[in-house]
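Build the complex: two chains, separate frames, hints provided.
If you're matching them up, the sequences are chains A and B in order. Position 12 of the first sequence, counted from 1, bears residue number 12 in the working numbering, the numbering being contiguous throughout. Position 110 of the second sequence, counted from 1, bears residue number 110 in the working numbering, the numbering being contiguous throughout.
Derived by calculation from the structure, the hints in this document are not laboratory data. Bear in mind that the values here come from a model prediction, so they are computed numbers and not experimental data. Careful: at least some of the hints might be erroneous.
[To be verified] Sample of chain B residues with no beta-carbon within 12 Å of chain A, all distances over it, derived:
hint : residue
1    : 31
2    : 46
3    : 56
4    : 58
5    : 66
6    : 85
7    : 94
8    : 97
[Unchecked claim] If you only want the chain B side, here are some residues facing chain A, beta carbon under 7 Å, derived:
hint : residue
9    : 42
10   : 52
11   : 93
12   : 95
13   : 99
14   : 102
15   : 103
By construction, the Cβ of each residue, glycine as well, lies at the ideal position given by its N, Cα and C atoms.
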Amino acid sequence: EAGVVQSPRYKIIEKKQPVAFWCNPISGHNTLYWYLQNLGQGPELLIRYENEEAVDDSQLPKDRFSAERLKGVDSTLKIQPAELGDSAVYLCASSQAGVTADTQYFGPGTRLTVL
Amino acid sequence: QQQVKQSPQSLIVQKGGISIINCAYENTAFDYFPWYQQFPGKGPALLIAIRPDVSEKKEGRFTISFNKSAKQFSLHIMDSQPGDSATYFCAALGGSNYKLTFGKGTLLTVNP
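Only chain B is shown next, with the shape it has when bound in the complex (with noise of 0.2 Å):
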């Protein structure tokens, strides 16, 4: 049973454009959702993160849209920039072995 769907699977924006990704849980006992970024051969560093008491939340060009009743959250990456290439996970923490949830990722390719 996969908890956190996320979509889509890769992703290729231009620079300076709008990089939009979606992820929708289940559980609703879920109650901290953070963005994971990863580089090759790196570990997932974290980017962001909300808790469902909040429909948005801005760090820099970096926006978290979070909509409780539809159990759905996205990440949004204003002014996308080539160094923003990278793999990004949401992921959700709660529940009875409040463990984190990953999604699956998204590759994301931004062109010069």
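The following block holds chain A by itself, in its conformation from the complex (with noise of 0.2 Å):
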């Protein structure tokens, strides 16, 4: 069974560019989750969507932070202007609904640096 999917692994910008990270969810899995991760830190929550409702985004900068799921499967987060502060690991996560809904899997990440 394949992971969550991210792209891209690494990208290098400059500030006040915008910047797309994208997120393939494992299949059959209904929510999927956009976490920050500085360094030396725990993830933290962005996002939360369950099929392809945003249920949970009260931690998501919406000035300058949107994110999308189409069709309740893969997803985009996407940052305009991108600011010195936001080089991090954009994580992304999913799980299944059910009695199982409670183990989240991990992607490798996206690995920001802004210049």
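Listed below in structure tokens is the structure:
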């Protein structure tokens, strides 16, 4: 079974430029998460989707961050414009519905460097 | 407000030794406590998890001990191996928004 797929794995941009990250969850997983992981810290939730609905986006900085999950499968996270402080690893995770819903499976992440 | 506190920040253990990482939580609404292992350049991977209705769970060399009254839980790695060298995160799930809250991580180094 393929895991969570993310691309690109690395991205280097200059501040004020836009950037987008893509995530393909594990097949059949209805719930999709985007996390931010700063160096030396644990992941922090940005947004959670149940199918195509964003059910928790309270931690998403909506002035510059946006996300979408069209058709309830793949998802894209966008930052526009990027700031120096956005340099971090952006992780995507997914989980099933039902009794195993608590287990989240993470992708490898996209490491963003903003110069 | 840090809802899950993890210690130590780093840990060095000799091969064959026991590694112990501790976590404490504040929110009594948490009802699922996983431990994740993360290697450099990789995403966190679920190692073992426990629910508060049991005090201990063992899977191979990995054991979670859970103390509900003290609101603490710990990971024990028996017979630690160099391949166990990684960052370990405790986490807790539950509460009104039912989101996974992570500790700050423990960098484990197992010397050969």
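These are the hints, each one checked on the structure:
1. 31: Violated, since 9 Å does not exceed 12 Å.
2. 46: Per Cβ check, residue 46 of chain B is inside 12 Å of chain A; nearest 6 Å; violated.
3. 56: holds (19 Å)
4. 58: The assertion about residue 58 of chain B holds, with a minimum of 18 Å to chain A.
5. 66: Residue 66 of chain B is indeed farther than 12 Å from all Cβ atoms of chain A, at 15 Å.
6. 85: Residue 85 of chain B clear of chain A: closest Cβ-Cβ about 16 Å, beyond 12 Å.
7. 94: Violated, since 9 Å does not exceed 12 Å.
8. 97: The claim is violated: residue 97 of chain B sits with its nearest Cβ about 6 Å from chain A, within 12 Å.
9. 42: holds (6 Å)
10. 52: Check failed: Cβ of residue 52 of chain B comes no nearer than 13 Å to chain A, outside 7 Å.
11. 93: holds (6 Å)
12. 95: Violated, because the Cβ-Cβ distance from residue 95 of chain B to chain A comes to roughly 11 Å (cut-off 7 Å).
13. 99: holds (5 Å)
14. 102: Residue 102 of chain B check passes; min Cβ-Cβ to chain A is 3 Å, inside 7 Å.
15. 103: Holds - the Cβ of residue 103 of chain B comes within 7 Å of chain A, reaching about 6 Å at its closest.
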